[in-house]
Amino acid sequence: MIRKFTIAFALIVALVSFSKKASAQCDTVTNACMRHMTNKYISDGQHYRALLLDKEIAEFQSTFYGGTTYRIAVCSGLGDGNLVFRIFDKERNLLFDNSEQKNSPYWDFKFVSTLDCTIEAQIIPGKAPSGCAVMMVSFKQ
Amino acid sequence: MNHKKYLKLTLFSFAIISAGIFITGCSGDKKDDGAHEEDVIDTNKDNIVSVNGELFSIPSPLQTSILLKNSGANYSKDLLNVTSKLPGYSTEYKKALNLGVYGADLGYVIIYGQTQDALGYLNASKKLAEDINVSGAFDANLMKRFEKNMSNNDSLLSIFTSAYRATDSYLKNNDRNAVSGMVITGGWVESLYFTLNILKKDFKNKQTVIQRVGEQKNTLDHVIKLLTPFYQNPDMTELTELTDALLELYHDFEDIEMKYTFVKPTTDVANKITTINSTTEVKITDEQLNNISEKLNGIRQMIIN
Chain A
4 MIRKFTIAFA
14 LIVALVSFSK
24 KASAQCDTVT
34 NACMRHMTNK
44 YISDGQHYRA
54 LLLDKEIAEF
64 QSTFYGGTTY
74 RIAVCSGLGD
84 GNLVFRIFDK
94 ERNLLFDNSE
104 QKNSPYWDFK
114 FVSTLDCTIE
124 AQIIPGKAPS
134 GCAVMMVSFK
144 Q
Chain B
4 MNHKKYLKLT
14 LFSFAIISAG
24 IFITGCSGDK
34 KDDGAHEEDV
44 IDTNKDNIVS
54 VNGELFSIPS
64 PLQTSILLKN
74 SGANYSKDLL
84 NVTSKLPGYS
94 TEYKKALNLG
104 VYGADLGYVI
114 IYGQTQDALG
124 YLNASKKLAE
134 DINVSGAFDA
144 NLMKRFEKNM
154 SNNDSLLSIF
164 TSAYRATDSY
174 LKNNDRNAVS
184 GMVITGGWVE
194 SLYFTLNILK
204 KDFKNKQTVI
214 QRVGEQKNTL
224 DHVIKLLTPF
234 YQNPDMTELT
244 ELTDALLELY
254 HDFEDIEMKY
264 TFVKPTTDVA
274 NKITTINSTT
284 EVKITDEQLN
294 NISEKLNGIR
304 QMIIN
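Protein chains in written order, with our numbering: chain A, 4 to 144; chain B, 4 to 308.
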C-alpha cells in the first residue's frame, strides 16, 4: 500500500512539473509563432496548443466562413518547418498539405463558401523533439 | 453524434477514469474543476490527441460584426449589453460569460467605428478579466495603447483581439478550461443575439446574414462539446443548466438543411495562398429562424441578468 502511494505521489509530482514546464515551452513557441501573423490579420482570440509525443497527431475542428481569407500558422520549437499540417473537409477530402509546400509554417486560405474542416498537425520525426505544438488562426477584415 | 449520447459517453468515460484513480489509491480531496475529464484520448484513433484538451474552435464574433456592417445593417447600440450591469455579476460563472459578451460587444462597436462607446466596453472587460484572476491581459500598457489609438480602428481591433487571445492563453495554461469555454460561449451567444435581432430591421443584404445564422449549426455543436466535460459537475450547476438550454436550441438547428459539394482547391504557390472552392448551401425557413431567435433570446437573458 505504501509502495503504491509512493509511486502515485511520484507520478503526480512528475506530471505537475511536466505540465508547468510544458506551459512555459508553449508560451515560448507561441511568441516565436507570432512573427507569421502580420498586421493585416486579426487574431480569432483563441489559443490552441497540444503536447505531442512521437507520432501523435493534434486534431482540431473549426468552421471557416465563406468570403474570408484566413492565415493559419503551426509551430513547434523555435525554428520553422518542424510540423506537417493538413486540412480536410468534413468528407475527409484533403484540402491542403504543407508537406507539398516545403513544410511552410503558415499558409493563407481563401474560403469561397463556409466550410467545416479538420486540421491535423504532426511533428516531423527527426526535425524537432516531442513537445509543444501551437496553432494560430487569424483572418483578414 | 447525438448530443445526449455524447454527454453520456463523456460521463461514462469520466466514471471509468474516476474508478481507476480510486482503485490505485490516488484519489485526493482537491476540488475538481472538471479539467481532467478533457484529457480523455479517443482510443479509436490511436495517435490523435485533442488540441488543448478540446477538439473544437469557435469562429470569432468579430467576423459576424464585419458581415453585418458589410451587409448594410445600421449600428444598433440598443442591442448590446449595457455596462451598468457590471456590478451585478458576482460569480465566476457570470463574470466569465459576460467577459465574452462584452468582448463581442466591444468588437461590434469598433467595427462600426463607434469609439465613444468602445472605452466603456474595454473597461468592463478589464474589470471582469481581473475579477476572474486573469493577470496581464488587460494591463496598463494595453489600456494606454487603446486610448492612444482611438482614431485608428485597425489598431483598436489588433489591441483588443490580442487581449482576448492573452486571456484565453492564460486560462488554458492554468488549466481553467471551463472558464475559457464560458468566455467563448458568452461571445458566441451575444454575436448571434445581435445578428438575429438586427434581422428584424431593414437593410439591403439580409439573405447573407440569414445564411450566416444557419451556418451556426456546426458552431453550436462545437460550443456544446466545449462545455460537455463540465456537464453535471456539482460545482457548476448553472453551467449544466446553460448547456441544457443550448441543447434545446440545437434541436431547432438540427433540421436546417446543409448541402455540401466538394470542389478541388487551387493553390497559388508564389503568394502562399490556397482557394478552397468547395461550397455549402444552407436552407433555413422563417419558422426555424423565429424559433432559434426566441430560444436564443432566453439563453442570453440567462447570461446577462
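Among the hints, erroneous ones may be present.
Unchecked claim - Quick list of in silico lysine to any residue cross-link-like pairs, SDA-like style, CA-CA up to 25 angstroms:
| hint | chain 1 | residue 1 | chain 2 | residue 2 |
| --- | --- | --- | --- | --- |
| 1 | B | Lys286 | A | Lys105 |
| 2 | B | Lys262 | A | Gln64 |
| 3 | B | Lys207 | A | Gly70 |
| 4 | A | Lys143 | B | Asn177 |
| 5 | B | Lys275 | A | Ala27 |
| 6 | A | Lys58 | A | Val115 |
| 7 | A | Lys43 | B | Glu133 |
| 8 | B | Lys228 | B | Asn177 |
| 9 | B | Lys275 | A | Asp57 |
| 10 | B | Lys204 | B | Leu292 |
Hints listed in this document are in silico derivations from the structure and should not be mistaken for laboratory results.
- Message: Please verify whether B/Lys262 and A/Gln64 have alpha carbons no more than 25 angstroms apart.
- Response: holds (19 angstroms)
- Task: Measure nothing beyond the straight line between the CA atoms of A/Lys43 and B/Glu133; if it is 25 angstroms or shorter, mark the hint as holding.
- Result: violated (29 angstroms)
- Task: With a cut-off of 25 angstroms on the C-alpha distance, tell me whether B/Lys275 and A/Ala27 pass.
- Result: Violated: B/Lys275 and A/Ala27 sit about 31 angstroms apart, past 25 angstroms.
- Message: Tell me if the straight-line CA distance from B/Lys286 to A/Lys105 falls inside 25 angstroms.
- Response: violated (40 angstroms)
- Message: Against the 25 angstroms threshold, does the CA-CA distance of B/Lys275 and A/Asp57 hold or violate the hint?
- Response: Violated - the C-alpha atoms of A/Asp57 and B/Lys275 are around 29 angstroms apart, more than 25 angstroms.
- Given the hint that B/Lys207 pairs with A/Gly70, test it: the Cα-Cα distance must not exceed 25 angstroms. Holds. B/Lys207 to A/Gly70 sits at ~18 angstroms (cutoff 25 angstroms).
- Query: Taking only the CA atoms, is the gap from A/Lys58 to A/Val115 under or equal to 25 angstroms?
  - Reply: Measuring from Cα to Cα gives roughly 33 angstroms; hence the hint is violated.
- Given the hint that A/Lys143 pairs with B/Asn177, test it: the Cα-Cα distance must not exceed 25 angstroms. violated (30 angstroms)
- Task: For the pair we were handed, B/Lys228 and B/Asn177, check the Cα-Cα distance against 25 angstroms.
- Result: holds (20 angstroms)
- Query: Hey, B/Lys204 versus B/Leu292, does the alpha-carbon distance stay inside 25 angstroms?
  - Reply: With a Cα-Cα distance of about 14 angstroms, the restraint between B/Lys204 and B/Leu292 holds, given a limit of 25 angstroms.
Going down the numbered hints, you'll see the structure goes against 1, 4, 5, 6, 7, 9, while the others check out.
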